[in-house]
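Following the hints, position chain B against chain A.
One letter stands for each residue in the lines below.
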Amino acid sequence: MSDLVISTFETEAKRERSAIGSLRIVQTACIFVIALVIVSPLFMLVIASLKDDRFQILADMGSFRAFWVSNPTLSNFAEVGNLSGELAFGRYLLNSLIILATTVGAGLIINSMAGFVLAWGSLRGRALILSLVIALYVIPQESIIMPLVIMVSRAGITDTFTVQIVPWVASPLYIFLFYQFFAQLPKELFEAAEMDGASVFRIYRSIFLPLSLPALATVSILMGIESWNQYLWPILVTQTDYARPISVAIATFFGQDSIYWDRAMAASVLMMIPILALYLVFQRWFVSSFVGSAVKG
Amino acid sequence: MGNRLLSMLVASAAFGVVMSHAEAKTVIHMMHQGDPGWVTTYGEVAKRFEAANPDVDIELIYAPHDAYNEKFSAAVMSKQLPDLMELDAPFLANYVWSGYLQPIKPLIDQDILDDMTESNVAQGTYPIDKDLYAVGLTDSSVVLYGNRKYLEAIGARIPKGVGDAWTREEFEGYLEKLSKLEGVKWPIDTFRGYGIKTEWITYAYGPILQSAGCDLIDRKTWKSVGTLDSDPCVDALTMMQKWVKNGWVVPQSSGTNQFFAEGHPAALAFGGHWFYAEAAASMKDDIVVMPLPKFGPKGASPNGTWIWGITTASEHPDIAGKFLSFMLKDKQYRDYARDDSAYPGLKSFAADSPLYSAGGPMALAFEQASKTAVARPPHPAYPTITSAFMGAVDEIFNGGDVKAALTAAAEKIDEDIEENDGYPPFDEQQ
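Protein chains in written order, with the numbering used here: chain A, 1 to 297; chain B, 1 to 430.
This is chain A alone, in the form it adopts within the complex:
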């Protein structure tokens, strides 16, 4: 009798393990398919950049041939790299990096300060200001872009790095993200520091900011991508290659009569590398900060 019970338990356990195993296989397969869908455009971009015939790239786009290159070549990268003068991609890449670093750097300080004040500051009408910040978020950038062009033109800052950084440093979305993060932190932290005689700025700088690594990482990634991909704004407010970013330079390959897919793809790959590197660096920081805070309990 007892042997029979044990045997039934074992059978059921086996069945359960087998069911769990099957479920895992299905889950893994689903994750693999989703990952494939997400990664495939990037993969296609890299493959296309290694093809030497722009018409072939176009013809291959609708089929699986888009993911295969029989005679890979780096000639497209060489052509992009060899462009000089008005089209020197190195210059545009450097411009993009300067704009990105400054925008993100200043953005982290300004938005985190604003978020902190809204969460813990003692100013009057905080709730109203917060509602206004959220309301500002729903206004699309395109609807204010022309008045903004007039403003920066009157300020005399067109064709500079400043004009590409200053308008985008403060953002309702990032202020709100920081606000939410700071508001969730325990009240005791603020009170204890206050009792020790720390000023509001000291509490922000020495206690809350170091604790906000996940928010800082998230905002860095989002802001970095946004700044890197700016296209219309730099076209409208810059005239020369002095401060123009790489996204404008890539547009030269989309001509009136022809699109130079080969070089556009190579330039896009070059453009993708720095932002991908930035993302990977910040993502690691983002994950480690979570783990660190969990261990410290």
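The set of hints was computed from the structure by calculation and includes no laboratory data.
Some hints could be false.
[Claimed, not checked] One-sided excerpt, in silico: chain A residues whose CB lies under 8 Å from chain B:
no.	residue
1	L58
2	G62
3	F254
4	G255
[As the list claims (entries may be wrong)] Here are the in silico distance ranges between beta carbons for each label pair:
no.	chain 1	residue 1	chain 2	residue 2	range
5	A	L280	B	E59	34 to 42 Å
6	B	K220	A	E79	50 to 58 Å
7	B	P424	A	R65	53 to 61 Å
8	B	P354	A	I98	42 to 50 Å
9	A	Q141	B	A277	23 to 31 Å
10	A	L42	B	P103	48 to 56 Å
11	A	W68	B	G399	33 to 41 Å
12	A	Y279	B	N69	52 to 60 Å
13	A	C30	B	T167	44 to 52 Å
14	B	G359	A	S40	32 to 40 Å
15	A	F43	B	A277	28 to 36 Å
Idealized CB from N, CA, C, for every residue including glycine.
Chain B only, in chain A's frame:
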């Protein structure tokens, strides 16, 4: 100490001399679009001009093709219009009406004016005062390209000149025969791949309406209702919708090279002059250049391209004109344009272009421009006209009701004109 002070004074004086010399330069801003080849060419022309005129600095402002209008609007709003600008010919009337361009005749060399083709003059002329506001080295046209092997296989007549272009019946008959021919996946590529964000639909399909006996807008009364939705236009667009429904036209998703792609899946191509170089390189002797078919009582073909105008904001229009004249005569600029198979807008450039000169493979295209070219409506409402028409064609090609789509487009155009009080003095032209 005394020596250091002296050196600083000398250095400051030298710096001051250099700065005052730099400040003395006249800066001419030129806004343009174009692919990397053109951007480089403009840069080199500017350097040559600066070398010949050390007191002038040419500053190039590049605006991507797909964001050119936005850049222009931003320049207008921020009062930063350049001295010299490239503009798409059909938008000229809008720019002149808005007061952004100045007459160009007194500013450029007479020999260039004398050298302009009729079509080039037409694309740069404002219909109200009949004055010339822009000039270009180039112009453009669309022809019918054919694959000789396929045409011979169906026994098609190959026209020798504009006078014996295919009739509508012949054209549709050939399309049907080609659709049944082995190896032909699509009888014709009408370049739907260019999409609706370019000028292609209005530029290339507009002449089909004009050939069929109607137009986008009545060019005397400047009313679109009764013209764009008239029977001949409805008939012409129904005909094109039928080509799409029958599967005779290369779909938008298949790109713009099916005529010369591997296996040559498209038998005919309703393509721009710029298409020739790439198609001929791939097809060799199999490529046939033919005039556009006559879809009704007369032949019609498009013209117009990106040309150069001098803005009213320019503080040195004479120098801008001098640079423009220099550029239009510059040998390297012309060589690059010729190698890019650019369509001639100056007679001297045509004579120097083996492709378009008498006996050249595209000579028929050049002949066509002089006989059947019809400029797009030279009216300030053109931006609305083209946008409304392109939307209607897109709807029709996607199976929409032809009459309803054209009526909606015509009403939209008339509404814009009414909202602007008829764009005086265009309202007094009737």
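Enumerated hints in conflict with the structure, sorted upward: Of the numbered hints, 9, 12, 13 and 14 do not hold.
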